[in-house]
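*Asks:* Sequence:
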Amino acid sequence: MLPVTPIPPERLEQLSRAVEGLSPAQLYWVAAWTASIAQGQRGGPVVLPTTPAAEAVAADRLTIVYGSQTGNAKRIAEELAQRSESAGLTVRLLRADVYPQRELAKERHLVVVISTQGDGEPPDDARGLVEFIAGKRAPKLPGLKFAVLGLGDSSYPLFCAIGRQLDARFIELGATRFAPLAEADVDFETVSEPWLDSTLKQARELLATASPTVRPAALHTVPDASCYTRDKPFAATVLANQRIVSRDSDRDVRHIELSLEGSGLRYEPGDALGVWPKNPAPLVAQWLDALQLDGAREVTHRTRTLPLAAWLRDECEITRLSRPFVAALGAISGHAELTQLLHADGKAALAELLANEQPIDLLRRYPARWEPEALIAALRPLTPRLYSIASSRRAVDEEVHLTVAVVDYQAHGQPHWGAASTFLAQAGEDATVPVFIESNERFRLPADPARDVIMIGPGTGVAPFRAFVQERQETGASGRNWLFFGNRHFARDFLYQIEWQQALKDGALHRLDVAFSRDEGKKVYVQDRLRERGRDVYAWLEAGAHLYVCGDATHMARDVHDALIDIIAAHGGRSPESAKTWLAELLQQGRYARDVY
1 MLPVTPIPPE RLEQLSRAVE GLSPAQLYWV AAWTASIAQG QRGGPVVLPT
51 TPAAEAVAAD RLTIVYGSQT GNAKRIAEEL AQRSESAGLT VRLLRADVYP
101 QRELAKERHL VVVISTQGDG EPPDDARGLV EFIAGKRAPK LPGLKFAVLG
151 LGDSSYPLFC AIGRQLDARF IELGATRFAP LAEADVDFET VSEPWLDSTL
201 KQARELLATA SPTVRPAALH TVPDASCYTR DKPFAATVLA NQRIVSRDSD
251 RDVRHIELSL EGSGLRYEPG DALGVWPKNP APLVAQWLDA LQLDGAREVT
301 HRTRTLPLAA WLRDECEITR LSRPFVAALG AISGHAELTQ LLHADGKAAL
351 AELLANEQPI DLLRRYPARW EPEALIAALR PLTPRLYSIA SSRRAVDEEV
401 HLTVAVVDYQ AHGQPHWGAA STFLAQAGED ATVPVFIESN ERFRLPADPA
451 RDVIMIGPGT GVAPFRAFVQ ERQETGASGR NWLFFGNRHF ARDFLYQIEW
501 QQALKDGALH RLDVAFSRDE GKKVYVQDRL RERGRDVYAW LEAGAHLYVC
551 GDATHMARDV HDALIDIIAA HGGRSPESAK TWLAELLQQG RYARDVY
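Counting with full-length UniProt numbering, you get residues 1 to 597 for the letters of the sequence shown.
Source of the hints: derived by calculation from the structure; they are not laboratory data. Since the structure is predicted, the reported quantities are computational estimates derived from the model, not experimental observations. Don't take every hint at face value.
[Stated by the list, open to error] Derived lysine to any residue pairs resembling SDA-like cross-links, with alpha carbons at most 25 Å apart:
{"hint": "1", "residue 1": "Lys505", "residue 2": "Ala491"}
{"hint": "2", "residue 1": "Lys522", "residue 2": "Asp566"}
{"hint": "3", "residue 1": "Lys232", "residue 2": "Lys505"}
{"hint": "4", "residue 1": "Lys136", "residue 2": "Ala447"}
{"hint": "5", "residue 1": "Lys523", "residue 2": "Thr432"}
[What the hints assert, rightly or not] Distance windows between CB atoms, simulated:
{"hint": "6", "residue 1": "Ala296", "residue 2": "Gly264", "range": "38 to 44 Å"}
{"hint": "7", "residue 1": "Glu298", "residue 2": "Arg266", "range": "37 to 43 Å"}
{"hint": "8", "residue 1": "Glu298", "residue 2": "Ser246", "range": "46 to 52 Å"}
{"hint": "9", "residue 1": "Arg558", "residue 2": "Ala348", "range": "15 to 21 Å"}
{"hint": "10", "residue 1": "Arg266", "residue 2": "Asp187", "range": "50 to 56 Å"}
{"hint": "11", "residue 1": "Gly264", "residue 2": "His555", "range": "22 to 28 Å"}
{"hint": "12", "residue 1": "Tyr366", "residue 2": "Arg558", "range": "29 to 35 Å"}
No residue lacks a Cβ here, since even glycine has one placed at the ideal position from N, Cα and C.
Based on the provided sequences and hints, a complete structural model is requested.
*Replies:* See the structure below:
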């Protein structure tokens, strides 16, 4: 018997990436293939597998493709794959960026689960596939039967835009729906659960004649009941809650340290921490006052009965405005200007309203007599907030650190708060916070520790790069680390300044460029610093560096993306179109990763 030789972590990570998205049959083929190579190294013949497992690859199957920014679409796709395999179907589950586009013309049964980001953009891992399907090279698909589940946030006007676009485009290409387009809001389970049931039922009927030769029952394992998840969070104890901006800063940013001791939770740099918040008590009081309702009144909704105040504090989304709430308020209040916003010609005004107002503002502006049951039905369920983890587990052991910008401002003469940031800011030492780990496989350090990394993180977007630098230092990675950081004021808002200076001194950070927009006559942002350092940025990228961006998706991420295209064109001798293609290739290769929100 051969001795068992552990695979080095970096090689194991490479292997994991290589086989990600392969079908059960393909995984068995790979296992047989590697076994044959081992046999060859022992003097035996190397034979490619020709077992029924390999033949099943070409059999009739259900292909499930997902595009996910925060992990929700991935979870739903994985659940559909697990249920389908348990029902005896041959399944291929693929992330959108590893789906072989040339195979689309051959697909017969396809399910797409995809989210929409911000102002109608696809998730980063689906950009290439979405562009391909929308473009001139997309094949005709007369033999395809498909289903699409779109995920989105009705706080944005282009709700589920990518799901709708794909659904319509498949029809244009000649495909046929086997299930109607489904659209899920942030409380996606209310749509995804019945969708999973109905889609699986119809997929089984479509594939009833298929007889898969391989059904590995252990491909998708059911998590142990003791695991802490989104639906079963861990009560993490607050170890530290420190303000990390100066007293005269007009913003409140906190460094928060939580204990994960005893949870068994593990995370990697680039992952996020999910936090289940409660709404601020003063905001709940504002709602009850504006509506002239009794918080102690018992309200029944979907088989649950709670006092109205408890619904508003613990269960309902009351800090984020959504299109359905605008529609409900318009119907109850009778104000025509609200219903007008929902028409096509009100799209721009609705977008501005959703971006700049909270529900309480509209309740005051458009008084209406709400029945408590109707109010709760009109509100979306409170959902967890995701924060980029600001620590390396190798550096802090059974702790997890966060960098939190507290939402607390005045508007219309009234105080306004964010839900999770206020909840965290008010959590003193020894308080507990319900949390879970949200993996982000698209935002990982290079498998090769000798690769250089460029990190662009203004404001609290610097959080994951604190984890990156800690991890690279703890593992002794030989690659260079370059950080671009930006904020308003050097003296007030330089987050983790002492740590960065120490990292420079220790050699854990090799370059640091900063931009403070309110300190100079002309506003300077990280994209300006990028352009100033364009020659070196391009040289690093040309030599194989990985590039990471974290922070605001609406303005910063777009401006940085445009700056990178300019840099590649100027210093790489490329046309703007060629520069865009080159940057898109970096994204496809995983060398350009974004964690934007």
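*Asks:* Run every hint past the structure and note whether it holds.
*Replies:* Here is how each hint holds up against the structure:
{"no.": "1", "hint": "Lys505 / Ala491", "in the structure": "holds (20 Å)"}
{"no.": "2", "hint": "Lys522 / Asp566", "in the structure": "holds (21 Å)"}
{"no.": "3", "hint": "Lys232 / Lys505", "in the structure": "violated (42 Å)"}
{"no.": "4", "hint": "Lys136 / Ala447", "in the structure": "violated (35 Å)"}
{"no.": "5", "hint": "Lys523 / Thr432", "in the structure": "violated (40 Å)"}
{"no.": "6", "hint": "Ala296 / Gly264: 38 to 44 Å", "in the structure": "holds (40 Å)"}
{"no.": "7", "hint": "Glu298 / Arg266: 37 to 43 Å", "in the structure": "holds (42 Å)"}
{"no.": "8", "hint": "Glu298 / Ser246: 46 to 52 Å", "in the structure": "holds (47 Å)"}
{"no.": "9", "hint": "Arg558 / Ala348: 15 to 21 Å", "in the structure": "holds (18 Å)"}
{"no.": "10", "hint": "Arg266 / Asp187: 50 to 56 Å", "in the structure": "violated (28 Å)"}
{"no.": "11", "hint": "Gly264 / His555: 22 to 28 Å", "in the structure": "violated (39 Å)"}
{"no.": "12", "hint": "Tyr366 / Arg558: 29 to 35 Å", "in the structure": "holds (33 Å)"}
Against the hints set out earlier in the document, violations occur for numbers 3, 4, 5, 10, 11.
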